[in-house]
Amino acid sequence: MAKKVGMEVAIAAAEAVALCNIDVAAVYPITPNTHIAEHLSEIVADGRLDAEFITVESEHSAMSAAMGASATGARSFTATSSQGLMYMHEVLPIASAMRLPIVMAIGNRAVSGPINIWNDHSDIMLERDMGWISLFVNNGQEAVDLFIQAFKIAEHRDVLLPINVNMDGFQLTHVVEPIDFPTQSQVDKFLPLYKPAASIHPDNPVTMGTLGLPEIFTEACKARDEALVNSKKVILQVWKEWEKMFGRKYEPVESYKATGADVLLLTMGSMGETAEIAVDALRSEGVKAGLLNLRMWRPFPYDELKKAVKGAKILVVIDRAISYGGPGGPVCSEIRSALYEEEKHREIVNYIIGLGGRDVKVEDFINMVKLSLKPVKSRPTYEIYGVRE
Amino acid sequence: MGTEGLLLKNTIVQNFDLYAPKLVDREEYFCSGHRACQGCGEALAIRLMCKALGKETVIANATGCMEVIATLYPTTAWKLPWIHVAFPNAAAVGSGVEAGLKALRRKGRIADRYVKTVAIGGDGGTVDIGLQALSGAMERGHDMLYVCFDNEAYMNTGIQRSSATPFGASTTTAPSGKVSIGNKTWKKNVTEIMVAHNLSYVATACHSYPIDFMNKVKKAIAIKGPTYIHCLSVCPTGWRCKSEECIKLGRMAVETGAFPLYEVERGKYRLNAEMPEKLRPIRDYLKIQGRFRHLGTEEIDWIQKRIHLEYAKLLNKVAHSKSWEELTA
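Just so you know, the protein sequences line up as chains V and R, in that order. Mapped onto the working numbering, the consecutive letters of the first sequence carry residue numbers 211 to 599. Mapped onto the working numbering, the consecutive letters of the second sequence carry residue numbers 186 to 514.
Chain V with its partners taken away, still in its complex shape (with noise of 0.2 Å):
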């Protein structure tokens, strides 16, 4: 095994990126994902990685070009955050509708306003149904490995959907981990090239992106969620594929010490690490706690939830999203709603924390998972945890 080496995580990020020997880049600066496009230019610059980065003049460019090159047949990467992936909305469908490989990195940050450059997951949760498939990394090594699986699963034929791999701002893009890299032979070895359905050129004209009448656009809408259900299986398959060739394990729902739990946290992102202080320190107590990280947000993975939550009492959903005037957090409207028919077994309680780059500490776990076992009469749809009155 390779040794492990200290780098920060964007860094780290574009690192893996350049091994996937990628085509073309277009990436338009936003904090905090700018270390993943300065330090992958660095590498182009230094003629490590062969290939385009263009300099877009604004995030909708910056998909819009990554989408041409996808539709040449060039294996296509961009990167962004918060205010820059809402300048994308417009395209985000469309990448999906013509089912482009594209690989989009987000340094997850708050929405304005007002204008906040720090951690929360309200960017990605507004571009939840753009018919992507949307992974969550919860430290650097995870985010290595998921940006060279996410190549492969988008570009394989039964898939062929652009993905975005999440990474919390700051909390995870600017902190320095120990990284164990594959060697570019592994990599290549892992990941063959690029060989496009259909390519925009002359040698075989196409027309891409054509004008759907009511007639064929339900049908069209039904192949792509056909096509991000499905993902899934390819997903599990190259996961699978990963750990055999590397040691390491992913799957959708992840779970630190929830077998028996009485009460289970579900997390995303890097706080699943805070979180799994707090249980072990809640444990020690005596509470017989656990913890539920969902690394899968789309396709959602409804069977490996149920399995999951299965014995416990009370499920503490914790999110980092608000739905303004809405059911709460939208991590937990989705799990109330995969949980439905299961419901009467078990408690759902939703916390929305850590917004805007709000510290989440371990004896916030603490105390809100003491809080959800407090006996109530009734008990708020939601709460916004740690209000400063």
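Hints in this document: simulated from the structure, not taken from any laboratory. Note that the Cβ used here is the ideal one computed from N, Cα and C, for glycine as well. There's no promise every hint is true.
To be verified - Taking lysine to aspartate or glutamate pairs in the EDC-like style, the calculated list, with each CA pair at most 16 Å apart, reads:
1. K236/R with E212/R
2. K301/R with D413/V
3. K523/V with D569/V
4. K502/R with E377/R
5. K517/V with E551/V
6. K403/R with E241/R
7. K372/R with E241/R
8. K240/R with D413/V
9. K264/R with E495/V
10. K264/R with D210/R
11. K580/V with E593/V
12. K292/R with D260/V
To be verified - Anything over 10 Å on all C-beta distances counts as not near chain V; from chain R, calculated:
13. N383
14. G410
15. K463
16. L494
Given the coordinates of chain V, assemble chain R onto it according to the supplied hints.
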């Protein structure tokens, strides 16, 4: 300011009109059967452009009439490889296409052959919502020709005013009324904005001068790097004119100086041979279009003055501009 001496003398050789069309590619790359309105100038312009471009081309198209009329799934009128993504981003999609083709060719993954990227859009998709992407693509120096097919309003959505709509035109969002003459602003000069991007080749064109337009397209794609052509495309539906007057109106736009034909090659302005020695009165052009029907003598006189001013500005550039080579000699 007189125009004598500034205009190139009419250099058309004898019988040119008879043999020039014979030189045009017989292959159709934009096929019949599409759903454009009768007398659509833009569809004609696209057909001519494609003939000039030839087979080794990829087209990135902004949302607009040309995507709507020609690509109703599962049909297509395009025989060239063609991609459409959205309204404001034809130049950005084209940037990606150009970069993708370049990288794949260099890496030996596609045929080792030069393929030209061409991005196209209407006036809305170019001079309004697409201006940022256009400016970015041109500034970055992609090897790409951008052609704007300017029919002077948002025709696809129903004749709404764009910044390319001429002064005094009545549109569905700038209608003429008891207290309004219709569109109150002068047409935005995007051709000049493109010149300011230091492009090697910028030109105006019109489908009513087919050989001239095709020659400009050929000239533009022969240049490695970003180039721009602004092609006036008559829209009988939106201009509220007879469909059989499409070609005539294009010629009148040029002859009145409302839309002069010129090229800017490496900084040097040149008027086309098609420009008359003396401009026709603008009234002739305005009076046969329903969109200008409401204009009175006073407004027409004002428009006439402004056209003379704009034309004088252009002639001044023709007289005094020097090519980059001349400037560095």
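Hint check:
The straight-line distance between the Cα atoms of K236/R and E212/R is roughly 7 Å, inside the 16 Å bound, and the hint therefore holds. Taking the CA atoms of K301/R and D413/V, the gap is about 13 Å. The hint holds against a cut of 16 Å. Among the hinted pairs, K523/V with D569/V is inconsistent with the structure: their alpha-carbon atoms are about 28 Å apart, more than 16 Å. The suggested pairing of K502/R with E377/R holds, with an alpha-carbon distance near 11 Å, which does not exceed 16 Å.
Annotation: proposed proximity of K517/V to E551/V holds, straight-line Cα distance about 13 Å (limit 16 Å). Between the alpha carbons of K403/R and E241/R the distance comes to roughly 12 Å, so the proposed pair stays at or under 16 Å and holds. The suggested pairing of K372/R with E241/R is violated, with an alpha-carbon distance near 34 Å, which exceeds 16 Å. At roughly 9 Å between alpha-carbon atoms, K240/R and D413/V fall within 16 Å of each other, so this suggested pair holds.
Distance hint between K264/R and E495/V is unfulfilled; the C-alpha atoms sit about 72 Å from each other, more than 16 Å. About 14 Å separates the Cα atoms of K264/R and D210/R, which keeps this hinted pair within 16 Å; it holds. Among the hinted pairs, K580/V with E593/V is consistent with the structure: their alpha-carbon atoms are about 14 Å apart, no more than 16 Å. The hinted pair formed by K292/R and D260/V meets the criterion: a straight-line CA distance of about 8 Å does not exceed 16 Å.
Distance check on N383/R: its Cβ is at least 16 Å (rounded) from any Cβ of chain V, clearing the 10 Å threshold; non-interface status holds. No Cβ of chain V comes within 10 Å of the Cβ of G410/R; the nearest lies about 15 Å off, and the non-interface call holds. Once the 10 Å rule is applied to beta carbons, K463/R is consistent with being away from chain V; the minimum gap is 43 Å. The claim that L494/R lies off the interface holds: its Cβ sits roughly 33 Å from the closest Cβ of chain V, which is beyond the 10 Å cut-off.
Violated hints for the displayed structure, listed by number in ascending order: 3, 7 and 9.
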